[in-house]
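Going line by line, the protein sequences match chains P and S.
Take the first sequence: its letters are residues 1 to 333, numbered as in the UniProt record's numbering.
Take the second sequence: its letters are residues 1 to 333, numbered as in the UniProt record's numbering.
Note that these hints are calculated values from the structure, not bench results.
For every residue, glycine included, the Cβ atom is placed at its ideal position computed from N, Cα and C.
Careful, some of the hints might be misleading.
To be verified - Restraint ranges, calculated between C-beta atoms of paired labels, are given here:
1. P:P248 to S:A172: 55 to 61 Å
2. P:A172 to S:P248: 57 to 63 Å
3. S:P323 to P:P31: 32 to 38 Å
4. P:D7 to S:E315: 38 to 44 Å
5. P:P248 to S:A183: 58 to 64 Å
6. P:E318 to S:M1: 42 to 48 Å
7. S:P248 to P:G201: 36 to 42 Å
8. P:A129 to S:E318: 51 to 57 Å
9. P:S9 to S:D314: 39 to 45 Å
10. S:M1 to P:T10: 32 to 38 Å
11. S:A173 to P:R226: 44 to 50 Å
12. P:T317 to S:E32: 33 to 39 Å
As the list claims (entries may be wrong) - No farther apart than 30 Å at their CA atoms in a straight line, the calculated lysine-lysine pairs in the DSSO-like style are these:
13. S:K140 to P:K2
14. P:K2 to S:K46
15. P:K140 to S:K140
Protein chains: 2
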Amino acid sequence: MKKIINDPSTVVAESLRGLELAHSDLLTVVPEPAVVVRVDAPVRGKVAVVSGGGSGHEPMHGGLVGPGMLDAACPGPVFTSPTPDQVQAAIERVDGGAGVLLIVKNYTGDVLNFETAAELAQAEDVEVATIVIDDDVAVKDSLYTAGRRGVGGTVLLEKIVGAAAERGDDLAACVALAERVVAGVRSMGMALAAPTVPHVGEPSFDLGEDEMEVGIGIHGEPGRARLPVDNAEGIVARLLEPILEDLPFTEGDRVLLFTNSMGGTPLLELYLAHGIAERLLADRGIVVERRLVGPFVTSLEMQGMSLTLLRLDDELTELWDAPVRTAALRWGS
Amino acid sequence: MKKIINDPSTVVAESLRGLELAHSDLLTVVPEPAVVVRVDAPVRGKVAVVSGGGSGHEPMHGGLVGPGMLDAACPGPVFTSPTPDQVQAAIERVDGGAGVLLIVKNYTGDVLNFETAAELAQAEDVEVATIVIDDDVAVKDSLYTAGRRGVGGTVLLEKIVGAAAERGDDLAACVALAERVVAGVRSMGMALAAPTVPHVGEPSFDLGEDEMEVGIGIHGEPGRARLPVDNAEGIVARLLEPILEDLPFTEGDRVLLFTNSMGGTPLLELYLAHGIAERLLADRGIVVERRLVGPFVTSLEMQGMSLTLLRLDDELTELWDAPVRTAALRWGS
Numbered sequence: 001m002k003k004i005i006n007d008p009s010t011v012v013a014e015s016l017r018g019l020e021l022a023h024s025d026l027l028t029v030v031p032e033p034a035v036v037v038r039v040d041a042p043v044r045g046k047v048a049v050v051s052g053g054g055s056g057h058e059p060m061h062g063g064l065v066g067p068g069m070l071d072a073a074c075p076g077p078v079f080t081s082p083t084p085d086q087v088q089a090a091i092e093r094v095d096g097g098a099g100v101l102l103i104v105k106n107y108t109g110d111v112l113n114f115e116t117a118a119e120l121a122q123a124e125d126v127e128v129a130t131i132v133i134d135d136d137v138a139v140k141d142s143l144y145t146a147g148r149r150g151v152g153g154t155v156l157l158e159k160i161v162g163a164a165a166e167r168g169d170d171l172a173a174c175v176a177l178a179e180r181v182v183a184g185v186r187s188m189g190m191a192l193a194a195p196t197v198p199h200v201g202e203p204s205f206d207l208g209e210d211e212m213e214v215g216i217g218i219h220g221e222p223g224r225a226r227l228p229v230d231n232a233e234g235i236v237a238r239l240l241e242p243i244l245e246d247l248p249f250t251e252g253d254r255v256l257l258f259t260n261s262m263g264g265t266p267l268l269e270l271y272l273a274h275g276i277a278e279r280l281l282a283d284r285g286i287v288v289e290r291r292l293v294g295p296f297v298t299s300l301e302m303q304g305m306s307l308t309l310l311r312l313d314d315e316l317t318e319l320w321d322a323p324v325r326t327a328a329l330r331w332g333s
Numbered sequence: 001m002k003k004i005i006n007d008p009s010t011v012v013a014e015s016l017r018g019l020e021l022a023h024s025d026l027l028t029v030v031p032e033p034a035v036v037v038r039v040d041a042p043v044r045g046k047v048a049v050v051s052g053g054g055s056g057h058e059p060m061h062g063g064l065v066g067p068g069m070l071d072a073a074c075p076g077p078v079f080t081s082p083t084p085d086q087v088q089a090a091i092e093r094v095d096g097g098a099g100v101l102l103i104v105k106n107y108t109g110d111v112l113n114f115e116t117a118a119e120l121a122q123a124e125d126v127e128v129a130t131i132v133i134d135d136d137v138a139v140k141d142s143l144y145t146a147g148r149r150g151v152g153g154t155v156l157l158e159k160i161v162g163a164a165a166e167r168g169d170d171l172a173a174c175v176a177l178a179e180r181v182v183a184g185v186r187s188m189g190m191a192l193a194a195p196t197v198p199h200v201g202e203p204s205f206d207l208g209e210d211e212m213e214v215g216i217g218i219h220g221e222p223g224r225a226r227l228p229v230d231n232a233e234g235i236v237a238r239l240l241e242p243i244l245e246d247l248p249f250t251e252g253d254r255v256l257l258f259t260n261s262m263g264g265t266p267l268l269e270l271y272l273a274h275g276i277a278e279r280l281l282a283d284r285g286i287v288v289e290r291r292l293v294g295p296f297v298t299s300l301e302m303q304g305m306s307l308t309l310l311r312l313d314d315e316l317t318e319l320w321d322a323p324v325r326t327a328a329l330r331w332g333s
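Just chain P, same shape as in the assembly:
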């Protein structure tokens, strides 16, 4: 295993220290249990938006903490759910009296631990609501889930709901909005090469020199099929088709297209793939109104990509465009 680390058992804590030093204008890392919180939390009278999950998907979620997006992120160990007391600590730290919305990716451990934390907080009279995101069309049920997995759509959900909370929407309105986003977002990913989890020390899976895994999860979980490596046209079409069919997305739909690197796929390839996806969507009469291109929901250094489509309307577009200031996403402020 070749990594720039000291000790697999302290990777996350050491990385969080660097994150805090790099972005002390935006966030603070509260230690034990580790929580990344907005530097000005709690924001009185604002719904607080909290997310989290296993580490190894950076910049999600710690790099998405800041005005217009998350109030707190709970980073678990690499590819491992955060604990209930971590989530509870986040809730206590950011609750500004208007309630707390938990954004949970649909993995069994995450759902359970966020739910436990929500109950503990509710017992202390904090108003808590939970939204589970399950945008991955690749597989129904998987290694770590009952039902579909939460993947790339999470970033879009966090941006849009974060903007709604920032403009003063109440908790019920934030929940309704989040449900609308979840209903309208779909993703699918693939990998060319596996990542290595630091405390495991070996690649998460074996792929032959001529193979790719289509429909892969963000923890290297198996997808739909192991296939011979295709060219970019073939790969993009294979990701896009099941997304379009699922919702379905049809002619005249306005969408946000998110072309995501799993980490090890460089921008040179990612923009190339993005261009293909734009063309295939234009051919269908689907209107790409907003884009996000880059490594935002990664799986350590896994080589691969995912596509996410979100159906837009005027309100979602306005919330997407609203100012945001985080380590990874920043505009308009």
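Please build the complex by placing chain S on the supplied structure of chain P, with the hints as guidance.
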């Protein structure tokens, strides 16, 4: 070779198409010879800032085109200099009557081709000045250079000079400022694993399972030493020491610390390394006033990192903080 591409010979052109579609609010890609230009170029009365070089270092330079940074970028083939006519086309396209500043990384081919383009443009009465950046302390002379290589410091130079041009500095002032930045910036990089150039199809170099290359260039050129893989503490110290000694940077200096991923090193590791660099600098009494952390000067999917230090003063800090709006760097606007 596993890559998300169609044909090695069209990778750059196809990638530029995706870049343009993703960021049509910021930039336009002029075809044949390919140049990435600000969507509102030429900006009348403003010094135009132009850079470029081989592709494969994304987001540098195309992702750095926009208000407050570059007016144009000339993307050569992967790891290959742009042609003189490409640079000349860029100059013609962005010249707003106040002169053009060329920012050139010190590689023999780049220096030659930018110089030829400058002479051609000057023959047509365009005022052109050139600044060569050579911030890499690893080696004096190398595979592709006489003298030191231009690496991570390029992004800092482009940001600061871009801000100066935006506020209305004339060409002579931009050149003087650029010289000040070049005099005060130093970098060094390392790699754990090699990238693969699409038209070559094989890794650029061989590294044993337990080896790292220290002082590596951004094209996989050999550095100072091939050594056993060290932990993060050792790696960061080994990059930082030669940088500090070279200028030298000493107690009380105010600096910008840029912790750069070469592409394949994920943010989890990069922030960890950044935290170590901050601590080592604090131990020396060097004051880190600004930071940049992320993959900005990459070498395709090469696993590795570099550190860059820039000595700051009030003016450089103000120019760093000035609004910028590009695909890769965006704040304050």
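Verification of the supplied hints:
{"no.": "1", "hint": "P:P248 to S:A172: 55 to 61 Å", "result": "60 Å, holds"}
{"no.": "2", "hint": "P:A172 to S:P248: 57 to 63 Å", "result": "60 Å, holds"}
{"no.": "3", "hint": "S:P323 to P:P31: 32 to 38 Å", "result": "34 Å, holds"}
{"no.": "4", "hint": "P:D7 to S:E315: 38 to 44 Å", "result": "42 Å, holds"}
{"no.": "5", "hint": "P:P248 to S:A183: 58 to 64 Å", "result": "59 Å, holds"}
{"no.": "6", "hint": "P:E318 to S:M1: 42 to 48 Å", "result": "43 Å, holds"}
{"no.": "7", "hint": "S:P248 to P:G201: 36 to 42 Å", "result": "39 Å, holds"}
{"no.": "8", "hint": "P:A129 to S:E318: 51 to 57 Å", "result": "44 Å, violated"}
{"no.": "9", "hint": "P:S9 to S:D314: 39 to 45 Å", "result": "43 Å, holds"}
{"no.": "10", "hint": "S:M1 to P:T10: 32 to 38 Å", "result": "35 Å, holds"}
{"no.": "11", "hint": "S:A173 to P:R226: 44 to 50 Å", "result": "59 Å, violated"}
{"no.": "12", "hint": "P:T317 to S:E32: 33 to 39 Å", "result": "35 Å, holds"}
{"no.": "13", "hint": "S:K140 to P:K2", "result": "28 Å, holds"}
{"no.": "14", "hint": "P:K2 to S:K46", "result": "47 Å, violated"}
{"no.": "15", "hint": "P:K140 to S:K140", "result": "57 Å, violated"}
Of the numbered hints stated above, those contradicted by the structure are hints 8, 11, 14, 15, listed in ascending order.
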